[in-house]
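Trainee: So you can see what is in the structure, the chains are spelled out below.
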Amino acid sequence: MPNLNWFTRKDLTLAPTPNCWDIIALVIVLTLLIMLGWAAQQMLSPFQLSQPKTVITLDPHILPEYALRSTLRMLIALCFSLLFTFTIGTWAAKSRKAEKLIIPIIDLLQSIPVLGFLSLTVTGFITLFPGKLLGPECAAIFAIFTSQAWNMMLGFYQSLKTLPQSLSEAVQIMQLNAWQRFWRFEVPFALPSLIWNTMLSLSAGWFFVVASEAISISNQDIRLPGIGAYIALAIEQANQQAIILAILTMLAVICLYDQCLMRPLTYWSNQFNTEASSTKRPWIVLMFSRTHLLKSIAKIYAHFKDYTQKQAPPLKPGFKLNTQTQAYCYWLYYGLGLMLLGYWIKSLLQIDWTPFKILQLHEFYETFILGLITTARIIVCTTLAALIWIPIGVWIGLRARWATRLQPIIQFLAAFPANLLFPVVVALIVQHQLSVNIWTSPLIILGTQWYILFNVIAGTQTLKKSMHDVSTLFQLPQWIRWRRLILPGIFPHLMTGIISAVGGAWNASIIAEYVEWGPHQLIATGLGSYIALQYRSGHFVQLTLGITMMCLFVLIINRVVWAPLYHWAQKRCQ
Amino acid sequence: MPIPSSNPLIELNHVSRSFSQDHRPDVRVIDDCSLKIYPGELVALIGKTGSGKSTLLRMMAGLIQPTQGQVLYQGQPVTQPIPGLSMVFQDFALLPWLSVLGNVELGLEALPYKHHERREKALRAIDMVGLDGFESAYPKELSGGMCQRVGLARALAVDPTILLMDEPFSALDTLTSENLRADLMDLWNTEQTNLSAILMVTHSIEEAALMADRILVFSANPGRIKTELRTALPHPRTEQDPAFQPWIDQVYDSITQAAQDDKPAGSRYKVIDLNYRLPSVSISELSGLIEALNNHEDSHKTDLSVFAEDMGLDVDDLFQITEVLEILRLIYLEKGDIILTPIGRAFADADILSRKTIFAQQLSAHVPLIRHIRRILEDRYNQSANESRFLVELQDSLTEESAKAVLTIAIDWGRYAELFAYNVNTGLLSLEDPDSI
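Just so you know, the sequences run in chain order A and B.
The opening position of the first sequence corresponds to residue 19 in the numbering used here, with each subsequent residue numbered one higher.
The opening position of the second sequence corresponds to residue -4 in the numbering used here, with each subsequent residue numbered one higher.
These are computed hints drawn from the structure, not numbers from a lab.
Take these hints with a grain of salt, some might be off.
In silico DSBU-like pairs for lysine-lysine, Cα to Cα no more than 30 Å straight-line [as the list claims (entries may be wrong)]:
no., chain 1, residue 1, chain 2, residue 2
1, B, Lys135, A, Lys482
2, B, Lys399, A, Lys118
3, B, Lys330, B, Lys296
4, B, Lys330, A, Lys179
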């Protein structure tokens, strides 16, 4: 059976019924948003954003360099995400008290649109490093980080929470210390899911790399050398040739990334799986295993492995602090917590609410209606995508050879940042003068529809051959076969696919409902375009309102629609 | 074999263990257990599934702390896992991403050995269990028997004084477990290791009788050591040995006896209350056993140990089934014999529908939980009730997990007997016909 599960979420984390910790988390996250918005407003009013003008050219020769820079941003963000995963994820899994707060917060942060977050934080980063490119650079990396970290951390946390009891008892009997235990037992156990989540995040991340390299905030363009900026300039100048070049470069980059990073990593992670699986050795692994380079890499890895085996002296097995030190630690823990809380309250009190007072009631109402419009758009697009991809996915899923053959292509498509294709669609809309509200809608689902296809294929493949045999034996007509066998069989997988696709669609709406082509601006009515308009014109209060509204929409729809549906599907159809 | 001396290696002093539940009274799993293990002994702890014997083993290993009493290892209290004490697990507990060698070496990593010493010791242990040649294999390449050998090698590599084994052979098929058992006994008898005592938890009477010098019979609810049996039979033992048959019979008898103690005085049958931990035995197992008994011999008595052997059942399965049949008064046990009652015989001769009627009668008469559910459903105006209602009641004296198991099996029996209907999606129990739900 081909390893088709890469883009199907095995452990979708959907929080159960909300409790008081969710409310605390909601308060924390919402005040964080408001504080960020307020701070951004403050920073802007006294002095305008100042940053060196970076020169972006459309010279094709510079494209490889831009591609490299974009990739680098992605990898730096990945390092931070891993660090975050290992520290916060472990903390949440090990400490009950921390878990109660961390998990709802992360769950909420997941529902904040990444690009909205970016527009709120970028001013802060710019003022942190005034006049330097480092500010926007940090903001971009932070945005990519926010698109990766939550997913990875939750996956890791879940793995740590589900360590098999007998294995952990065996490790306890062997008296490994905490350090050894972490690297020799917990991390390897979590690795398959961690790597898989990382793949998912990385693939989704290209979209945000491209988006975060060119943002317009308060009517100023911030451009970071990279593919995203290149394409933004090409759009500005309506240069079709440059767009095609950028798309081709991105294709090459994704291809390399897929061959050199994704495949070897999955191959490597296979050894941490509990079940035996045979995958073909990727050519890159073969190549490395025949060169000297591998030996030096292997040496570094071996050093690291040795280091994980060493006994860190202060952590002897069964090491316990004496009661007094323990008491001090508790005081420190709670003291720090209280200080943080105090600081939080202080900053809350400091907020000058006057800018927020300009918000009129009708603006709340207006954003709410816009939210409904975007919701409708997402629902319609997802339904259409599902209607298209279910038959195709089932067809592929029933043919193992096709599935194996098409798998790399679909994976590739899923990683390809859809926003690079936007200009192509927009140029067509402008040319044929089509309705903006209708024809920009498909852009929302353009990048994330692949999740639906993937999951449908995977779902079809889980149907046993004997089940098909039964329906053939009884000579069931096609539609009964679909209604009784195929649709219920793939339903749980379809749900996972749709949930993933919809999650991505909210993010995409911010750049899909407001698109440009040369002098043309196409603005579809919706919450996404509202947010885009507000940060372009520097109205941070309205921006905060828009983002908060979107966050609430995502949250409520998740809790009210998706979570129950998902659990029902898991219970009934599996 | 080392000679028993007077100082116990490990000692349990009036140990009890309760598990606390949220907003519910604590459930006592182990109650006032005392036992001593001396150097040179191979002790088997035998009892039903869920009787708490594994909990007892984990307390000795320092994995769980007793709520009352003390565990002493060579006179020192055990509060955490200690060197000198090693354990073999039922499901092997091997790390799938480490090779055989890596798994065996893992236990040595916590000890202050140099790299080459570690390797040397690991290789010797692998050698000892007969796995040489498989050092670089991964657990997923190995069969169950091989995996358990790795588990054994890992436990022996650290050169323990006591080896604790938690049902080490129960995940293996008969031939494999026999083979591994023989090899283990060989290791033990030839003193290739510094092992000074072995404590094994098992639910196979045969296994215990073949291996142990001392057998502790464990009873459930709450877990207690009921009886203790000793033998001086020399090793290696075989089932064909004439001296062996009386010994295994003796073990069977005392286990049956241990189960008889909760019968009321003068009664042949077991009487249970509402919160009794019903064993998870399916209808087909119950009817299957009755049929087998009916066909077995024409005389109305059947010897338990002979029957078990003929049917290829291990004691755990057999005793669970006979327990339920006894509660339902279809059979009763007497001095190691199974006797079919007239109702039991009628059941065996009946067709499917009449069997359901007999079963329904016996269930309503002798299983209080089922009677209770029926009564509640009859009292309700809509003749239905949610399962959670009964679950909460059961949790007064059972852990959440066992309460669920008990209710599940009661629902299973009740549905078969057509005493009530159940909908798994809504969790609703009702008196209605299945069609109308």
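Trainee: Which of the numbered hints above does this structure break?
Mentor: 4
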